[in-house]
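Q: Here's the letter readout for the chains.
Protein chains: 2
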Amino acid sequence: MPKEIEKKFAIYKDRVNQYIATILPPASAGEAKNLYEPIRYAMEGGGKRLRPVLLLIACEAFKGKIEEVLPAAAAMELMHNYTLIHDDIMDRDATRRGRPTVHCKWNPDIALLAGDGLLTFAYRSLLRVNSPHLQKACQIFTDGLIELCEGQSYDHDFEHDDGVSMAQYLDMIKRKTARFFAICTEIGALLAGASATHTRLLRRFGESLGMAFQIQDDLFDITVAQEILGKDFGSDVKRRKRTFLYVHVMTHGAPEYRARLQRIFHQAEISAADVLHAGEIFRDAGALAAAEQALQEYLQEAHDCLKRLEPAIATAALHAFLEMLLKRRS
Amino acid sequence: MPKEIEKKFAIYKDRVNQYIATILPPASAGEAKNLYEPIRYAMEGGGKRLRPVLLLIACEAFKGKIEEVLPAAAAMELMHNYTLIHDDIMDRDATRRGRPTVHCKWNPDIALLAGDGLLTFAYRSLLRVNSPHLQKACQIFTDGLIELCEGQSYDHDFEHDDGVSMAQYLDMIKRKTARFFAICTEIGALLAGASATHTRLLRRFGESLGMAFQIQDDLFDITVAQEILGKDFGSDVKRRKRTFLYVHVMTHGAPEYRARLQRIFHQAEISAADVLHAGEIFRDAGALAAAEQALQEYLQEAHDCLKRLEPAIATAALHAFLEMLLKRRS
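So the protein lines, in turn, are chains A and B. Sequential numbering of the first sequence, starting at 1, is according to our numbering. Sequential numbering of the second sequence, starting at 331, is according to our numbering.
Just to be clear, a hint being listed does not mean it is correct.
Stated by the list, open to error - Restraint ranges, calculated between C-beta atoms of paired labels, are given here:
#: 1; chain 1: B; residue 1: Arg530; chain 2: A; residue 2: His160; range: 50 to 58 angstroms
#: 2; chain 1: A; residue 1: Pro25; chain 2: B; residue 2: Thr527; range: 43 to 51 angstroms
#: 3; chain 1: B; residue 1: Glu489; chain 2: A; residue 2: Gln18; range: 23 to 31 angstroms
#: 4; chain 1: B; residue 1: Arg593; chain 2: A; residue 2: Asp161; range: 51 to 59 angstroms
What the hints assert, rightly or not - No farther apart than 25 angstroms at their CA atoms in a straight line, the calculated lysine to aspartate or glutamate pairs in the DMTMM-like style are these:
#: 5; chain 1: B; residue 1: Lys435; chain 2: A; residue 2: Glu147
#: 6; chain 1: B; residue 1: Lys363; chain 2: A; residue 2: Asp143
#: 7; chain 1: B; residue 1: Lys435; chain 2: A; residue 2: Asp91
Think of the hints as simulated: they come from the structure by calculation, not from any bench. Where is the CB? At the ideal position from N, CA and C, for every residue including glycine.
Working from the sequences, and respecting the hints, build out all of it.
A: Rendered as C-alpha cells:
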C-alpha cells in the first residue's frame, strides 16, 4: 500500500476516535457508571476502525467532505461495537481483542444495556449529519441493522442444523457481515452526493468486500496461528460454527469426510486434537481450496465494481483498503 | 370519559395495530423464525397502545393529520416493546400481561435479539414519516432512548443501594418512564407543526403525566389486588425495588419503620407475609399518603400545562387521556 494512503488511513482513524469522544459523555461526568464504563471500555478496546475509514474514503472518492460525514463514520463504529457486545453474550465468548468481553468483565445484564446504549449513540451520531440525504442514509442504516439481526438469528439457528446449504450460509454472512460494509460504502457515496448508479456500485463493492472478508475470517480460524490472529486457533470449530469450510465439506465432500467431520462436531467436547483433525479434513476434502477460490471471486467482483467507476472517480484509496483488509495477518 | 373520546381512542388503537402489521414481515413469509416469532408474540400480547395513542392525540390537538404521523405512533409501541423484552431479561421476570416473557418462552439469547430487532423496526417506522421536522423528531426519540438506558442502569444500581435519595429516585423514574411519555407528546406536537413554546409545554405535560403514572404504579404494587392488576401483588417488594414507597420510608420514616423495612429487604427470601408487613410499614410511616400527594401534584402540573394551551388548542382528548391513564384499575 502506498505510504501516503497508509498515512491517510491512520489520520482518518484518529479523526474518527476524536469524534467518538465527543459523542459519549466524558468519564469525568461520572454519570451512570454501569452504563458508560462498559461502553467506554468497549470503544477503547483498540479496534481498527475499518468501517468508519471505509465510509470516509467512499465519501472522498466522490469529492465529499470528510468533516461533514465524520458523524456518520463514527456511527458505524458505535454500531459495530454494539453488535460485538451482543454477539459476545450470545456466543458466550470470554475474550475480545485480548481482553475480557463486557459480559465477563461485568455481567450479561450490564452488557445487554451497554449494547443497547451503543446502538442508540450510533443513531445520535448519524443524526448529527447535515445533509439533504440524511433520511435516506438513516433508512439504509436501519435496513442494514434489521438484516444484521436476521443474519445473527440464522447464525444461531445453524448451530443446531447439520443440513445448512451453501446458499443458506452465503445468505447468512451477507446479512451478518457483508451488509455492514455495504452500508458504509453506500452511505459514504450517498452523502457525497453520488449518482444513484454510482451509489449502487459502491454498495456492491462494499458487499463483495464484506463477503471476501468473512470467508477469509473462516479460513483464518484454521490456517493462521493464534499469536497472529489474536483469537483462539480453531475457535469456530470448537463452537461448532457453520463456516464456509464446514458447509463445503458437508455439501460437497466425499461421504468419508462428511462422516468424520460430523463425528467431531457431535462430540460433547471438541479438543485441540479434534481441531487439528478438522483442519486436515477441510484441507483434504478441498474446502480450503474452495474457500480460497470463493474469496478470490468476491475480491474480483469488488475490483470490477471499482473499475466501472474509473476514470470518473479516484478509486486508489478504495483499492488500497481492499488490499489492506484482505492482507491482514497473512 | 366522554363516549366519543373513548371511541376515538379505540379507533386510534386499531389504526396503530394495523400500521404495525405493515412494518413487520408477515408470518406467512416464514423468514428468520427465531427472530420474528418472538417479535410478533411480543407485539400481539395485547398492550393498550397508550403511547402511540398519546402521540396521535398530541398531534391532533395542533390540527396535525393522524395519517401522516401513524408511522411515528407505531414506532413508540415498537420501542416500548423493545424495552419490555430487555427489561424482563434483566429483571428475570417470568410473566408479562399474563403470558410467559419472551426469554422464558424462548431463551435469553433469542429475547436479546428480538429486542434489538424491535428497536430497529421502531426506527424503520419513524423514518417513514414525511415531514420537514423528521430529523428533529428522530433526535428527540434517540435522546429519549439514551435517557431510558440511563434510567434502567440507575434502576439496577439502586437494587444494591440502601441509601437512594428521593431526588435520585425521581431522576431515575423521569428517565426510565416519564421521558418516554414526553417523547410521544413532544414528537406529536412537533410533527403537527406546533410552535416551540407549545411543543415544550406538550413535552412537560407528557413528563408530568409519566411521573404520575410511575408513582401510581409503585402505589398499585401494594394497594391493588392481583386480579385487577394483572401482575403479582407486591412484586416490587419481592424484587427489592427502590420504589417511591421504599425510598420515602428510608428517607422520611421514623427509625423504627426504617429498621423494620430494612430487615425485610435484607432477607434471603421475601414471603407473602413480608409483603403484607411492608405494606403496613408503607401505610403507617406515611409513604402511601406521600405517594398519593406526589401523584396529585404531578397530575396538577400536567393539567396546568394543558390550561396554558387553552383556548388556543383543543385539549379535551389530552385531558381525557390523563383521566383514563390515572383511573386504570382503581
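Q: Determine for every hint whether it applies to the structure shown.
A: Comparing the hints with the structure gives:
1. Arg530/B - His160/A: 50 to 58 angstroms: holds (53 angstroms)
2. Pro25/A - Thr527/B: 43 to 51 angstroms: Violated - the Cβ-Cβ distance for proline 25/A and threonine 527/B, about 29 angstroms, lies outside 43 to 51 angstroms.
3. Glu489/B - Gln18/A: 23 to 31 angstroms: Violated, since glutamate 489/B and glutamine 18/A (Cβ atoms, about 37 angstroms apart) do not stay within the stated range.
4. Arg593/B - Asp161/A: 51 to 59 angstroms: Since arginine 593/B and aspartate 161/A have Cβ atoms about 52 angstroms apart, the given range 51 to 59 angstroms holds.
5. Lys435/B - Glu147/A: Since the Cα atoms of lysine 435/B and glutamate 147/A sit roughly 24 angstroms apart, the hinted pair holds (cutoff 25 angstroms).
6. Lys363/B - Asp143/A: holds (18 angstroms)
7. Lys435/B - Asp91/A: Holds, because 20 angstroms separates the two Cα atoms, which is no more than 25 angstroms.
Hints 2, 3, counting from the list given before, are not met by this structure.
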